[in-house]
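**Q** Read off the chains here:
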Amino acid sequence: MTALLRFSLALVAAGSIACGGGTPQETASAPAPAVSNPVDPATAGGLTGSIKLEGTPPASETINRRSDPYCEQLGEARTQNFVVSNGGLQNVFVYVKDGLGQMKFPVPTTAVVLDQQGCTYAPRVFGIQAGQPLEILNSDETLHNIHALPMNNREFNRGQALKGLKHTHVFTTAEVMVPFKCDVHNWMNAWVGVLDHPFYAVSGTGGGFAIQNLPPGTYTIEAWHEKLGAQTQMVTIGPKETKELSFTFKL
Amino acid sequence: MLLHLYAVIVAVATAVLIFAGGLVTSTGSGLSVPDWPTTYGWNMFTFPLEKMVGGIRFEHSHRLIASGVGFLIVMLAIWLRLAEPRRLVRRLGYIALAAVITQGILGGITVLWFLPDPISIAHASLAQLVFCLTISIALMTSPGWKRGYVSHGAMPDDRPLQAVALATTALVYLQIVVGATMRHTDAGLAIPDFPLAFGQLLPPTWDGKIAVHFAHRVGALVVTLFAIATTGHVFYHHRSRPELWRPSALLLVLLAVQITLGALTVLTQRQFIVNSLHVVTGASVLATSLVLTLRTRRARFDTNAGSKEQDPAYGLPMDVRRAGPIGPADPIGSVRGRA
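Sequences listed follow chains H and D, in order.
Just add 5 to wherever you are in the first sequence, counting from 1, and you've got the working numbering.
Just add 34 to wherever you are in the second sequence, counting from 1, and you've got the working numbering.
So here's chain H without its partners, still in its complex pose (with noise of 0.2 Å):
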């Protein structure tokens, strides 16, 4: 019993040594301190800008909603794969995807909302961060259940039968983006963008955007559509500076 005990404790100590078990001065370099809120008004600059679709994009389809009456004497449901107004692409979601640091940001306590609504998602395509609350409600009068599959996060599916239901869930990390689907439902879809910070936007009609009170600095810029995948740029904001940017997707 004591031979094993030893053995156990010499093979733990190899371990220890052969894992590079250790202080963290060991490491190369320690990163840089947190900084929490580092936004400061008098500096913070802006990024506007477009999403361009170039090409024809599929003709939106009838969605077959028969499996549910009450879906069904909604009236006629067209797919949202390609929202497009003189040339602007709507449902982008754009963030910041790198250049922000070590930076820490307070994260919100108002919820962000998804509403089941017309055996639809509102809003398709939307962003919150890690840590706030997203309230999922079911507005229609049929059931839906809410499933989420993200990579990084944990999944949930959410069954909410009754109209008025509804359910908050908290993303923990940040992961873009996480697919939802109603299963009961299978035309009905939606991304959220989960980031560990407030700097995204989703493209409205005409395929505007704003992302305002960036500290100033240079940024990786990512664009993301459901459909035509993700872009990025780069850019540099200067204090008080707002910066024109614009995606063009092609088909």
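Since the hints were made in silico from the structure, they are not lab data.
Nothing here was measured: the structure is a model prediction, and the numbers come from that model.
No residue lacks a Cβ here, since even glycine has one placed at the ideal position from N, Cα and C.
One or more of the hints may lead you astray.
Using C-beta positions, here's what the derived DEER-type ranges look like [to be verified]:
#1 H:A235 - D:F232: 47 to 55 Å
#2 H:T173 - D:I139: 26 to 34 Å
#3 D:A297 - H:A215: 50 to 58 Å
#4 D:P226 - H:E77: 29 to 37 Å
#5 H:P184 - D:G102: 33 to 41 Å
#6 D:T72 - H:G106: 42 to 50 Å
We have chain H already, so just place chain D on it with the hints.
**A** Same frame as chain H, now just chain D:
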């Protein structure tokens, strides 16, 4: 005879359940009811019918049918326990009961754990075993099996046929497991064309999904070759025995239908009815091959079971057993066991 009829009903119900399960996966409805064993908080059996919409229609129906089949198998096991003299058949009833309970638990776990591939594949594969068990019980309680198929002379102990038929059944089951893997890993359209693969005989590029999909196609070819070998042997050597050539002919027909459905599944981009028919036809191919395999071994079953149990009334209905000792003129194969 009533027991046999009931066993046939159980087997048919199990096939319906497999089709319903195929509909769940084919429509992507597996998680449309997020809770288990409840349904949106309701007791499964009191869930309002008007709330069965969208994917819930498939998932909840599957659960209800599964509950019904579970109940039927419980009753079957009890009936066999009370009325079946053969230990082997009684045991098949117990195994079927244990399997269907395990199957229900796997079905629940796979929902609660968001359809992990290994659990979902196990659920699909065990379903086929439950079906095989109900088919075996239905076969072994049939009058023909009990009589030993003696109306066309003594059942031959054709070892090559037994071997090739067994290999065919095993390969069909393996093929179904590969198919289940393909379905649950979303590899059903990994090769989008048929009969070629990306326009070529062999896929020009490989990944896990393409490999599984291609393995399923190769598996279909191998199964077909073995099925032809089995049926060819039967037609050549045993064409006077309907208990062998009938399932052989059915096997070939079902195989042709199954390959057509497989091709259509790809060509229709996994149309859910076609896809589900492909699942249940696969189960039918397995069941037919199993029946043929068991019938080729009918003589062995007599000897093996009789030698263990030393039951002179092996294969006889309970009323005959209760009537008294069996005379030497009794045509049942179990006479051999007493000799």
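**Q** Would you say the C-beta atoms of P226 (chain D) and E77 (chain H) sit inside 29 to 37 Å of each other?
**A** holds (31 Å)
**Q** Honestly, do A235 (chain H) and F232 (chain D) meet the 47 to 55 Å range at C-beta?
**A** violated (27 Å)
**Q** Determine whether the Cβ-Cβ distance between A297 (chain D) and A215 (chain H) falls within the hinted range of 50 to 58 Å.
**A** Holds, at about 52 Å.
**Q** Can the suggested window of 26 to 34 Å be confirmed for the beta-carbon pair T173 (chain H) and I139 (chain D)?
**A** holds (31 Å)
**Q** 33 to 41 Å was suggested as the range; check whether the CB atoms of P184 (chain H) and G102 (chain D) agree with it.
**A** For P184 (chain H) and G102 (chain D) the Cβ distance comes to about 35 Å; the hint holds.
**Q** Please check whether T72 (chain D) and G106 (chain H) have a Cβ separation lying inside 42 to 50 Å.
**A** With Cβ atoms ~48 Å apart, the hint holds.
Checked against the numbered hints listed earlier, the structure breaks hint 1 alone; every other hint is satisfied.
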